[in-house]
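Protein sequences, first through last, are from chains F and E. Per full-length UniProt numbering, residue 1 is the first one in the first sequence, and the count goes up by one each step. Per full-length UniProt numbering, residue 1 is the first one in the second sequence, and the count goes up by one each step.
Derived from the structure by calculation, the hints contain no laboratory data. Be a bit skeptical, because a hint or two may be false.
As the list claims (entries may be wrong) - Quick look at which bits of chain E chain F covers, simulated, 3 or more residues with Cβ under 8 Å: (1) 266-277; (2) 340-354; (3) 525-539; (4) 885-892.
To be verified - As a list, the in silico SDA-like pairs of lysine to any residue whose alpha-carbon atoms are at most 25 Å apart: (5) K155(E) to Q169(F); (6) K799(E) to L161(F); (7) K858(E) to E334(E); (8) K579(E) to D638(E); (9) K873(E) to Q169(F).
To be verified - Now the in silico label distances, taken between C-beta atoms and shown as ranges: (10) S700(E) to R151(F): 42 to 50 Å; (11) D163(F) to H950(E): 55 to 63 Å; (12) R918(E) to R166(F): 31 to 39 Å; (13) R166(F) to T224(E): 40 to 48 Å; (14) N775(E) to D153(F): 49 to 57 Å; (15) T202(F) to P782(E): 36 to 44 Å; (16) R394(E) to D153(F): 40 to 48 Å; (17) Y897(E) to L172(F): 22 to 30 Å; (18) N821(E) to K152(F): 55 to 63 Å; (19) H950(E) to K152(F): 35 to 43 Å; (20) D163(F) to D922(E): 53 to 61 Å; (21) K152(F) to G707(E): 55 to 63 Å; (22) R30(E) to T202(F): 24 to 32 Å.
A virtual CB, placed ideally from N, CA and C, is assigned to each residue, including glycine.
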Amino acid sequence: MDTNCDNPFDILFERSLAVIVREYGFDNIEFSAYHQILDISNTILRRLLLNVKNFMEVQSRTEPCPADVARSLQIMNVKLPSLQQTFNHPIKHRLRSPDRQSETHPMKLFRVTQTTNNSSRKHRPIYIPDFLPEFPDPHTFISSETYADLRKDYPRVRHSLADQRRALQRSLVKFKLQTNEKISVINSHGTNINDYYLIKNTTSPLPYLSALLPQDQMDSESTEAMEDETAANISHRTKSLSATDDGEM
Amino acid sequence: MELEELRQVTRSFVLSHQTLCITGVSFDKRCLVGYTELTIHPLVKNFNVIKLNARQLTIYAVTINGERNVEFSYDDPNIQILSDDDPRRDLQSFLKRQQRFSEYVDPDEGNGELTIFIPLHLQKQVQNSSTTDNVNNSNTSEIVYKVTIDFSLEKPESGIHFFIPDDDTKLSRLSRHLFTTGHDARLWFPCVDSYCEPATWTIEVTVEESLTVVASGELIECTTNNELKTYRFYLSTPAPAPFIGLAIGSFESVVDSNTQEIANYCLHGLLTLLTNTTSFVHEPLEYYEELLNASCQYPNYKQVFVTEPYAECVPFASMAIFNVNLLYPSTVIEATWHARSQMAFALANQFFGCFITMRSWRDWWLLKGLALYLASLYTKRAFGNNEYRYNLNRDMLDVIRYEREENPIRLDFAPIKSESDITNVNNRRGTMMSSQYLEAAAKKAHLVVRMIDDFIGREIMMQILNKLMCLATTACLKDASLSSRSRLHISSKSFSRVVSTLTTKDIQALLTQWVYESGCPRLIGSFTFSRKRNVVELELKQDTTIKGSKKFLGSLVIRVQELEGSFSQTILLEDSVTKYELTCHSKVRRNKKKKIPLISGDEVDMDLNQMDPECPILWIRIDPDLKVIRELQFEQADYNWQCELRYERDILSQFEALEALKRYPSQNTRETLGTVLDSSHCFYRVRIECAHVLTHIANSMANTWTGTLATLSFFRRVFMSTNSTLTSTNVTTSSTNNVSLTAPSANIVRINDFSNPQMYMIQKTIPQAIAFQRNKDRVCPPEVINFLFELIHYNENSKNRFSDAFYRSSLIDALGNTLTNVGLTSTTTNVDLLLNHTLDNNTKRIFDEILLQLNFDKIIPSYGFCVTCSCLKVLHKLYIISGIPIDINVFYEYATYGMFDRVRLTACEILVEQIETRMNQDVFEYIFNLIANDHDYNLRRKIVQHLCRHPPFRQNQTCSLNNPITIHRLWSLMKNFSYDNHIRNDLVELYQIMFGLSRPNCLPPANEMTDSILKDELDDVSDTIVDIDPERLSYFRLARYADDTKAAANKLASTIK
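Chain F extracted, bound-state conformation:
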């Protein structure tokens, strides 16, 4: 049974066959025998459907009609009257309609108050009277153990720092590759090896600006301080320049 258990239709088919078997008075059946019956009935049905399909096609239709089924059965040497007999036989057992499966929602991350309100009510034990205020959000009083490695020796810090930086680089590049136009690096001659891409260049009318102005040092505090200093210098110098200009005029 384990092979079939993944497909709900297979399960249904098996169950209905079991019902039919039961109808004829078997309370117990050996596994192998049952499987044999299952296979046989499966084959018969497939055969039947194939025939129906052939009939349908011969008459150039796309949907089968009852006559097709009847003809097919006839071809398969099934006597229609006997079928009638079976049909008339009263049905004792009926198949239970299958369980309704609920769709599982992925857990929402970063839950905020609205959902936690409900859950917090659930958390309130019965012995706490209603008039008392509700519990706060569980994260404020439930502590969970974390297993992050908090030892901070030098190599480990460097290691994580480097990993972070590299991950940042990679994800930035990946993001840009997805959002921007890209060109393939490999001359693939038709075959598509497309793991190797470059972000397409954007040409600028003033390319020297982005090249010369420092951009990789933004986070450094010392440079900021230095820049402030130079900016002050510059304003001072430009003042002196304008002064000389006036003087010359």
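Model the placement of chain E on the given structure of chain F, informed by the hints.
Structure of chain E alone, referenced to chain F:
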């Protein structure tokens, strides 16, 4: 005496003052409109024709002394040097014609493109007035003609460059500018385009109010009128027309904080960089003034940083134009050296070069050499003696290499007498040299000037320069006569005359050896020690058989380091093989522990166990101070070299020893190199070179090599964290069992701290040297590759004051250095198979890393996109060496206009090398298109120069590209660049490299008969052009120009508004 030399110049007049007035500038139309007024003093009696230089200009009218619409003719033969229907395609005829045409318009020959005929009645009038005024004085110098020429310049190809970004944002509009590109003044205004015709100048430029004008001279007036601003400059110091510079744009500016005379200008948005870059400029100025004991004769000095200039640094009178790429923020370390030496060079030109100029192209070397000499003296002071000596040595090696491999350098650019002497494209007039030749010649010129300095002594040299400056200064005085202006230009002859009058020494022999003739000697030396007589027998041979060699006769210094000290002797080279006996001052001693005195005065202990007990000589050096331009090959035992490297303090000696030690791979050499690498008192360049040699030694000893490379362990020790803490933590955490997941490698490189520049340079360069290591399978050991990857992985710059851009790019270069093609057996074309199976893991890893860095550099650019440049180079190596089929479009992508120019240049260089190795027709076509059409003229030149260095084929080589199509393509390029002389010269050189001087072999031999007929015919034509009757020629030409000029000028002016 000086006037006499001036007479050699056959110009029939003297120019005393010129006014250049630009009345309108239109960026949208890329044009200039203006007029110029020349004050001319005739030198001859019947002065009836004025010849001036003017190219690519439209001349509207000429007025002389108020007489309007004077007859003139305009004929520029250089435009039609080549014709498409000339089937010959050989350089000989081309060069012949070019030479002839350039003489035809040479102002020093009294010629010019623009011929103005002085009307007869005007001649009489002037003569009469002068004779009535000075009846007694027969001197004609009182006669003055004022010649006014209205002209316009539209869409110039050269001379003036308009930089106009193609979009219309505010920033782009602010960044529009124009500037003079070089010293071809005739390309943008009518003038006497000669270096020996100094005049005072008034420059008046009217522009929109938002624009700033920077020009040669002092700003004396600035008036605003109807949203137009007029700048008026006056240059009281006479300067020749080629040194008149102009730059217009909405520049931002900074006045030097130390001297008000220096002002710096840059494009919008770069002010912080400008302040940082130019903060030092007052230093060289003060230094030169102190050195020469003379002040700069220009009232001020301006530096303008522009984009797409034709050269990195172009000096003009009282100003200089630089490439914007020289600007750098304070966080970048290595840009400093180059930028400062360029600016120091431009400033040196304000003394020798622009102020004191060359008399003719034959004296080019003297002025170039003097300017470089001054600049290098400054760099010696600013960057130290070691750096200075290192640069000298490098220049000398460059010069020698050029002479050996390329062309002989003859510094005296004398015109060739007979045309059959044209054996080489660089063997011609000064204006027709290729850039590479000029570059090598400049280096040689500097070395020669330095030899003169050595010969006569520094103090006397400074006195001579001071004397020249003083003489020139007197010519700048207000009441100085016109003839005294000849003191403003010097020639080889006048210089040697000044030297011989001030000293008793004669430098003529020196000039003959190094200036008038080409070549440099190659010395091969060896020595033996004779114990009996206690002398060193030194043998010096001169190899005169190789290319570019020349026998040297003269004195040479030999320095012998013995046990008792260092002794110098001067010997005289007299023959090609000479033997000398140098008396030895030391006795052989045994096992005496005594310190050994060195030349520097230090006394050191040496380990003398290795030494030959019979010989007291430690090492011998020949010409230790680079007094002669020479190639040296000296034989001494490896022990001597090791000693020299370890104990000698002179870096040149250490470099020589390092070079020699490459030949002696042994355990001892290894140890010596390791010691020097480690010693912190060694010059950093020596240590870097040491690392390279160590790798070299390791590679040649690969089979017996054990242990890690000393360089690697040195790097680990100095730049990486010690692993003592790590091992302890490893022990403690091993129980938690997640060590294996996060276990960092044994050592981690420290976070970057580049505050010590020497250590920074070592840290930056050593990985490159390590990467060259190969194990016995001739591949880079995995240990090294992992090491490099760790360096990249753990690079952490957040706490550093300085940018790590160049460090990162250097690491990428190092990755490229590890690539080998060993073991790459499969030549599969299946890309999938190649990438996923055949390629070894490390190569694939490198490939991934390069792509990541290349992409990341696009998101956060490094300074000057240096990381991108390195990545592109490695990508190309991956293509060539490892066989990864890189799409050529990637390089096209980086070569398109709109990228940063260094990136473009790198991509183009790769494409050129691609042509060299793969002979790809499409790429060749692409490169030719760039050369023909690109907006960036500097890039065009650089591409051609790179093509000359890496031609797809040389003369007579078989190659699929060696076909008539290529010939026609190159020929038409040469034809089209009629205004840009430099690129044309470079193209001509390329043509010579690929096809030789005579008709290319792949063309069918021209029919002998028609060929000879054609030749004669063409010779006739060019002959007649030279002595064609100008008046006859002018009549039909005049019809084109003699229109109502006012209307035309007005029309242009109105369209500008």
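Each hint tested on the structure:
1. Only residues whose C-beta sits within less than 8 Å of a C-beta in chain F count toward coverage, and the stretch 266-277 of chain E has 8 of them, enough to reach three; the restraint holds.
2. Only residues whose beta carbon comes within less than 8 Å of a beta carbon in chain F count, and the stretch 340-354 of chain E has 0; fewer than three means the coverage is violated.
3. Chain F is given as covering the stretch 525-539 of chain E, and this is violated because 0 residues of the stretch bring a CB closer than 8 Å to a CB of that chain, at least three being needed.
4. Look at the stretch 885-892 of chain E against chain F: 6 of its residues bring a Cβ nearer than 8 Å to a Cβ of that chain, three or more, so the hint holds.
5. A C-alpha spacing of about 45 Å is found between K155(E) and Q169(F), which places the hinted pair above 25 Å, so the restraint is violated.
6. At roughly 13 Å between alpha-carbon atoms, K799(E) and L161(F) fall within 25 Å of each other, so this suggested pair holds.
7. Only pairs whose Cα atoms come within 25 Å are accepted, and K858(E) paired with E334(E) is accepted, the gap being roughly 22 Å.
8. Taking the CA atoms of K579(E) and D638(E), the gap is near 22 Å; set against the 25 Å cutoff, the hint holds.
9. With a CA separation close to 21 Å, the supplied pair K873(E) and Q169(F) stays within the 25 Å bound.
10. Between S700(E) and R151(F) the beta carbon distance is about 47 Å. The supplied range of 42 to 50 Å therefore holds.
11. Taken as a hint, the range 55 to 63 Å is violated for the pair D163(F) and H950(E), whose Cβ atoms sit roughly 42 Å apart.
12. For the hinted restraint 31 to 39 Å between R918(E) and R166(F), the CB-CB distance of approximately 35 Å keeps it satisfied.
13. For the hinted restraint 40 to 48 Å between R166(F) and T224(E), the CB-CB distance of approximately 57 Å leaves it violated.
14. Range check, N775(E) to D153(F): about 34 Å between beta-carbon atoms, so the 49 to 57 Å window is missed.
15. At roughly 38 Å, the beta carbons of T202(F) and P782(E) sit within the given window of 36 to 44 Å.
16. Between R394(E) and D153(F) the beta carbons are some 46 Å apart, a value that agrees with the proposed interval 40 to 48 Å.
17. Checking the proposed 22 to 30 Å range against Y897(E) and L172(F) shows it holds: the Cβ atoms sit about 27 Å from each other.
18. Distance hint check for N821(E) and K152(F): the Cβ-Cβ separation is about 45 Å, which falls outside the suggested range of 55 to 63 Å.
19. At about 53 Å, the beta-carbon gap between H950(E) and K152(F) misses the expected band of 35 to 43 Å.
20. As the Cβ distance of D163(F) to D922(E) is approximately 43 Å, the hint placing it in 53 to 61 Å is violated.
21. Checked against the hint of 55 to 63 Å, the pair K152(F) and G707(E) fails, with Cβ atoms roughly 35 Å apart.
22. Evaluation of the 24 to 32 Å hint for R30(E) and T202(F) yields a pass: the beta carbon distance comes to about 26 Å.
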